[in-house]
Amino acid sequence: AHEVPLDIWKKIASELRARWTKTEDRNDRDSLGTTLSTIYGSRFYDTEALPFLRERIATAPADLKPGYYDLLFTDLLARPWTDELEQEAFQTLRLLSRANEPDSTLSVQLPALHRLTDNMLGRRQEFDEKVIGSGAVIKLAKLDPVQAANTLKNLYLNDPRAPKFVVDVVGKRLLVQGSADHLAQVKSLLTQLGEESADKIGVPGEVNKLTRTELATKRAEMKKASRVAFASRLTAEADKEETAKGQLAAWLRMEQMWLDVQLDQNLDKVEERCWAILGEVPPKPDAVEEVDDEDVEEPGVAGAERMKEAIDGLLKQRAFTTVMNLAARRKAAPATIDRVLKYIDAGIAQSSPHAPREEPLKPRADSKPEAGAPNDANTDKARHAERDGYFETRAAWRATKFQMLVALDRPDDLERELRTWIREDQSTSPWRQSLARLLAERGKIEEAIQLFESAEKDKLLTTGDYRMLSDWYLVTNRRSDHERAKLEVFKELPEGNLGNSLYGVRNRWLQHGVTLPSELDENTLLTFRALFAKSASPE
Numbered sequence: 010a011h012e013v014p015l016d017i018w019k020k021i022a023s024e025l026r027a028r029w030t031k032t033e034d035r036n037d038r039d040s041l042g043t044t045l046s047t048i049y050g051s052r053f054y055d056t057e058a059l060p061f062l063r064e065r066i067a068t069a070p071a072d073l074k075p076g077y078y079d080l081l082f083t084d085l086l087a088r089p090w091t092d093e094l095e096q097e098a099f100q101t102l103r104l105l106s107r108a109n110e111p112d113s114t115l116s117v118q119l120p121a122l123h124r125l126t127d128n129m130l131g132r133r134q135e136f137d138e139k140v141i142g143s144g145a146v147i148k149l150a151k152l153d154p155v156q157a158a159n160t161l162k163n164l165y166l167n168d169p170r171a172p173k174f175v176v177d178v179v180g181k182r183l184l185v186q187g188s189a190d191h192l193a194q195v196k197s198l199l200t201q202l203g204e205e206s207a208d209k210i211g212v213p214g215e216v217n218k219l220t221r222t223e224l225a226t227k228r229a230e231m232k233k234a235s236r237v238a239f240a241s242r243l244t245a246e247a248d249k250e251e252t253a254k255g256q257l258a259a260w261l262r263m264e265q266m267w268l269d270v271q272l273d274q275n276l277d278k279v280e281e282r283c284w285a286i287l288g289e290v291p292p293k294p295d296a297v298e299e300v301d302d303e304d305v306e307e308p309g310v311a312g313a314e315r316m317k318e319a320i321d322g323l324l325k326q327r328a329f330t331t332v333m334n335l336a337a338r339r340k341a342a343p344a345t346i347d348r349v350l351k352y353i354d355a356g357i358a359q360s361s362p363h364a365p366r367e368e369p370l371k372p373r374a375d376s377k378p379e380a381g382a383p384n385d386a387n388t389d390k391a392r393h394a395e396r397d398g399y400f401e402t403r404a405a406w407r408a409t410k411f412q413m414l415v416a417l418d419r420p421d422d423l424e425r426e427l428r429t430w431i432r433e434d435q436s437t438s439p440w441r442q443s444l445a446r447l448l449a450e451r452g453k454i455e456e457a458i459q460l461f462e463s464a465e466k467d468k469l470l471t472t473g474d475y476r477m478l479s480d481w482y483l484v485t486n487r488r489s490d491h492e493r494a495k496l497e498v499f500k501e502l503p504e505g506n507l508g509n510s511l512y513g514v515r516n517r518w519l520q521h522g523v524t525l526p527s528e529l530d531e532n533t534l535l536t537f538r539a540l541f542a543k544s545a546s547p548e
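In our numbering, the protein residues as written are 10 to 548.
Don't take each hint at face value.
[What the hints assert, rightly or not] Quick list of simulated restraints, FRET-style, between CB atoms:
1. Arg-419 to Leu-272: 35 to 41 Å
2. Ala-171 to Ala-253: 45 to 51 Å
3. Leu-483 to Ala-225: 42 to 48 Å
4. Arg-428 to Leu-502: 46 to 52 Å
5. Leu-15 to Asn-506: 57 to 63 Å
6. Arg-419 to Gly-473: 46 to 52 Å
7. Glu-230 to Lys-151: 20 to 26 Å
8. Asn-159 to Leu-272: 41 to 47 Å
9. Ile-21 to Leu-202: 28 to 34 Å
Read the hints as simulated data drawn from the structure, not as lab findings.
Every residue, glycine too, gets a C-beta built ideally from N, C-alpha and C.
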């Protein structure tokens with residue numbers, strides 16, 4: 010089929026727009042609006058799509074607006090970057106919600122905020138790279154970027170080939186696209202206006218003359234500049250939200266701190282704000298109760314409270330991950346490290362099932378006892394669930410401390426903690442194996458072997474563990490044990506994997522013109538032995 014001319018599409022859109030404007034039928038208006046959005050999005054994207062989306066929102070009934078706001082937000086994130094679109098995206102972010110769940114606004118806005126951050130960082134960098142190839146990005150030290158852009162635009166009013174000016178307000182940058190002559194004129198004009206940074210303007214096409222190393226350096230500089238500018242935008246938006254006491258304030262600030270950590274800037278403020286979120290010790294764990302599958306969907310107040318608790322927990326988790334990052338850095342202050350370790354130790358102590366509780370165990374308000382079960386049975390069930398929950402929480406805190414001590418390169422402290430956990434923990438298997446690996450790295454091979462052999466009796470070693478144990482036996486000149494552990498490596502593999510490996514070896518003899526080996530390699534022989542040992546039908 011031939012392509013429909015643009016004029017025809019314009020006429021179709023005009024007639025549909027007239028019908029959409031006049032109709033008062035709710036369903037008809039929604040259907041016509043969807044059709045118009047499709048036409049504008051595919052045929053008149055740059056000129057009509059956004060204005061129509063805005064008008065559609067302005068005239069929509071309240072229950073349809075959330076869906077239209079989501080369409081607008083998605084469209085804004087897909088477009089090439091401009092400062093105006095970025096500002097509108099943040100404004101729209103605050104309006105996102107679910108029509109049928111007004112209390113779950115934050116659960117809609119948080120994923121959208123993450124999308125906004127990722128997209129705007131990418132769009133900013135794309136724009137900067139495009140400008141560098143045909144213009145310049147000017148960091149203004151004295152002039153207001155909006156006033157500077159307006160002044161320059163007025164000077165080129167009658168020039169059909171006038172350069173294009175784009176303003177980055179929060180980054181205090183002026184982005185200029187034009188010819189080399191235009192950029193020279195802009196440089197001269199900005200210098201006359203007292204802007205000292207004007208002498209840093211480049212020349213279009215210079216990027217094509219750069220070596221790969223120089224180009225990579227240039228792109229890294231542009232990426233950093235984009236992140237610095239967007240961090241400034243997040244700071245401004247977080248300040249606005251805090252002034253309005255909005256629920257997004259803490260999350261906007263967290264996104265800003267995430268960028269600050271990557272940029273290695275404002276780290277003292279980041280640490281201070283993260284600890285303000287965390288407190289000096291973790292919150293004491295609530296009494297844990299087993300939850301049935303049918304209780305997962307919780308309408309009403311209980312569900313909203315659990316959603317709020319989950320979101321607050323995510324914020325604390327991000328803050329904690331951030332302070333761990335700061336503490337693990339080479340130049341971290343001892344006070345920063347000690348504060349994180351004390352926080353982890355408090356979490357371990359509070360997750361002990363013997364730690365004192367402020368309140369006795371009690372059932373959730375929305376939970377129901379099992380039908381036909383005596384009260385004592387339900388109470389015992391709750392106590393077992395509580396105890397298991399505390400063990401899981403304590404294991405998570407200990408795993409966190411393990412990671413932190415590894416990052417800090419503190420083998421003495423790590424060895425001491427692992428030995429303590431093995432003595433105290435009802436499930437010692439992960440710590441036994443971790444201690445064994447640490448001891449082997451520190452040259453204590455014999456003790457490492459004993460720990461692995463203990464774990465082997467409990468059927469806890471994996472293929473990788475047996476391979477490691479085999480190497481340790483070889484180091485200590487225990488040849489027979491070395492051979493046995495090597496065989497166990499293959500015995501741990503599924504029979505199907507062993508069979509497939511042997512099929513691959515056999516297929517070499519079915520190929521023509523291929524030089525065949527004079528003998529089978531050791532791994533093939535071990536595969537045969539393992540398959541014969543574990544398979545009832547190895548043929």
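Results for each hint:
no. : hint                           : in the structure
1   : Arg-419 to Leu-272: 35 to 41 Å : violated (28 Å)
2   : Ala-171 to Ala-253: 45 to 51 Å : violated (39 Å)
3   : Leu-483 to Ala-225: 42 to 48 Å : holds (44 Å)
4   : Arg-428 to Leu-502: 46 to 52 Å : violated (33 Å)
5   : Leu-15 to Asn-506: 57 to 63 Å  : holds (59 Å)
6   : Arg-419 to Gly-473: 46 to 52 Å : violated (25 Å)
7   : Glu-230 to Lys-151: 20 to 26 Å : holds (22 Å)
8   : Asn-159 to Leu-272: 41 to 47 Å : violated (30 Å)
9   : Ile-21 to Leu-202: 28 to 34 Å  : violated (49 Å)
Hint check: violations occur at hints 1, 2, 4, 6, 8 and 9; the rest are consistent with the structure.
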